Structure formats: C-alpha cells, structure tokens
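Undergrad: These protein sequence lines map, in sequence, to chains A and B. Take the first sequence: its position 38, counted from the start at 1, is 37 in numbering that gives the first Met the number 0, and no numbers get skipped. Take the second sequence: its position 11, counted from the start at 1, is 10 in numbering that gives the first Met the number 0, and no numbers get skipped.
Treat the hints with caution; some may be incorrect.
[Unchecked claim] In silico DSS-like links for lysine-lysine, alpha-carbon gap of 25 Å or less:
#, chain 1, residue 1, chain 2, residue 2
1, A, K72, A, K122
2, A, K72, B, K38
3, A, K1, A, K122
4, A, K72, B, K36
Because the hints were derived from the structure by calculation, they are not lab data. Given the structure is predicted, the values throughout are model-derived calculations rather than measurements.
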Amino acid sequence: MKRGFLNPWVQLGLEALLVTAAEIFIKVGATHTATAVGAPTEWLGVSGLMSGWVWLGILCTILSFISWLYVLKHIPLSIAFPISNVVHALVPVGSWLFLAEAISLRRWCGIAVVLAGLVIVAKPVSSLEEKL
Amino acid sequence: MKGIAALVLIIEVTGFVVGQVLLKHAMTTAKQEVVSKVKVMSLFAGGIVGMTVSFFLTLALLQHFELSYFFPFQSSSIIVVIIAAAVFLRERLSTQLILGALLITAGIILVSAS
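Looking at chain A on its own, in the form it has when it is part of the complex (with noise of 0.2 Å):
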C-alpha cells in the first residue's frame, strides 16, 4: 500500500473534496445561466456552459475523475463507491455555508445517518487494506 499522496485512500478523500467543489461551483454557473421555463433548451443543460463557475467545476470534477480512476485501479467498486458517498454529507453542508440554501433538522439528521453508514462500509476497510 502506497503512502501519502499516492494512497488510494487519500486519493478517495480527495476526490470527495473535489466532488463537493465541483457541484457548489456548477450550481452557481447554472443558476447564473438557467433558461426560460418552456424554452427548447430547457432540459438540456447546455446553457450552463455559458458561464466560468461550470468550467471551474469542470475543472474539478475532471481532477476528481483522475482521482476515482486511481481509486478504482486499486478498491474493489463495491468498497469505494458507497465510501465516496460521504460527498452526500458535504455537498448539503457545503450548500449551507457557501450557497446560502438552508438546512432543516431532518436534514442534519440524514446527513448524521449517512455518515453513521459511512463508518459501518468503512469499518472493515482495515482488513481489505491489509489484503492489499
């Protein structure tokens, strides 16, 4: 098992981070450039190419994708995917602090339970690494 920045599982960590960056800079380039209600382009997603913010989440999630495929070359998928799903926790959060979208009790509470789940897949993630 390689260690620092080579280690599969910092490199999972990583790719997190920048998956969370990723969608709060989309979101704001897409609300910037969102469409008429009913026009023909509506649900195509293409005028969200328009603005800087989805480049720059471009950019991210084409340094996350680098990332999941080193991940990926050494986790089995079953092990990594449901792991990478701690971005469900951080994306909410990272709404909250830097999009101003408000989050409710209930929604903390999700964000408490996936993370508990988190720790459950995670925990014999010791024995795998030892295999590797």
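Following the hints, put chain B in place on chain A, whose structure we already have.
TA: The following block gives chain B in isolation, referenced to the frame of chain A:
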C-alpha cells in the same frame, strides 16, 4: 419532482451506473499482465460516454432544483452500483457493506425528504 424531471433523473442515474461499471472494468483490465488495449479503450470510452450523458442531465436538473434538494435523489445509485459490481464485476458483497449502503441510502432519503 415532475414527470419529465423524474425521467431525466432515471436516465442520469442509469448513465452514471453504467459509466462507473465500465470504468472499473477498464481499470481492472488495464492491470492485467496480458492487456488488450482495444478492449481497455473501448471500456473506457463507454464509461466516458455514460458519465458525459449523466453530467449534462445533472446540469439540466441543477438549473431547476436547489443543489441540496436534488443531490440526495442520486442516492439510488449507491444500491444500483454495488448490485452492478456484484453482478457484472463479480465483487463479493458482505452483510456489513450492504447494511452500510442501506444506511447511507436511508440517510440520503431523509435528507431529500426534509
């Protein structure tokens, strides 16, 4: 969520899951001693296509919904991905993994229901 939005979401999740399975298969194949470059590139290209379709549909959905509202709907992809990994990639699923994945999904549904 309206009918067309739900349909777009289903296509988005399907593209995402297909993309993930093909990319994992490509990266696993690339590690083998005897590697068919054509096979790896085909799998990789298929994965990229699935992810690209998913990306543009995500962009369209984000133009209509708040990020913290929309994102949890993608939670269904967790269960679909681990089932697809077991079926198509022959990965072993432990009870603990399934339990954890179900808990993550429940948490995400709780987030989306708020």
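Undergrad: A:K1 and A:K122 were given as a pair; does the straight-line alpha-carbon distance stay at or below 25 Å?
TA: 20 Å, holds
Undergrad: Just to be careful, I want the Cα atoms of A:K72 and B:K36 compared with a cutoff of 25 Å; is the pair within it?
TA: 16 Å, holds
Undergrad: CA of A:K72 to CA of B:K38, is that 25 Å or under?
TA: With Cα atoms ~16 Å apart, A:K72 and B:K38 stay inside 25 Å; holds.
Undergrad: For the pair supplied as a hint, A:K72 and A:K122, is the alpha-carbon distance within the 25 Å limit?
TA: 21 Å, holds
Every hint from the earlier list agrees with this structure, and none is contradicted.
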